Amino acid sequence: QVQLVESGGGLVQAGGSLRLSCAASRSIFSIANDMGWYRQAPGKQRALVATIATSISTDYADSVKGRFTISRDNAKNTVYLQMNSLKPEDTAVYYCKIRTFSGLDYWGQGTQVTVSS
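For what it's worth, the working numbering labels the leading residue of the sequence shown as 1, then goes sequentially.
Check each hint, because a few of them may be wrong.
[To be verified] Heads up, simulated EDC-like pairs for lysine to aspartate or glutamate below, C-alpha to C-alpha not over 20 Å straight-line: (1) K76 to D34; (2) K65 to D105; (3) K44 to E89; (4) K44 to D62; (5) K97 to D34.
Think of the hints as simulated: they come from the structure by calculation, not from any bench.
What you are looking at is a predicted structure, and each value in this text was computed from that prediction instead of being measured.
Based on the sequences and whatever the hints tell you, model everything.
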């Protein structure tokens, strides 16, 4: 079992920045095949934002490429999402997910990001 706790969300003006953190309750290096950030806006389905694999390879949704950066710190059991040049359409609840080597998915509780125009 793994608990994930997101933090760093909030209200920011368009063009601003936020850094989200996802802290895991146990070592992610030993269990996680890949980790990712997803978001869900009101009335929309949850969608992938960015992922980072054990190999440190990354992937991003087209809408955030060049603005968002995902990273991981295995020593701190934490995954980060640096979000720059935020737009009102980035407003959503952001969720962290870990997929273990055995194929199990664990989700955090989500953190609200609101970007005002």
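Tested hints:
1. With a C-alpha separation of about 16 Å, the suggested pair K76 and D34 falls inside the 20 Å cut-off, and the hint holds.
2. Between K65 and D105 the alpha-carbon distance is near 24 Å, which puts this suggested pair outside the 20 Å criterion.
3. For a cut-off of 20 Å, the pair hint linking K44 to E89 stands: about 12 Å separates their Cα positions.
4. Straight-line distance between C-alpha atoms of K44 and D62 comes to about 17 Å, which keeps the hinted pair within the 20 Å bound.
5. Taking the CA atoms of K97 and D34, the gap is about 9 Å. The hint holds against a cut of 20 Å.
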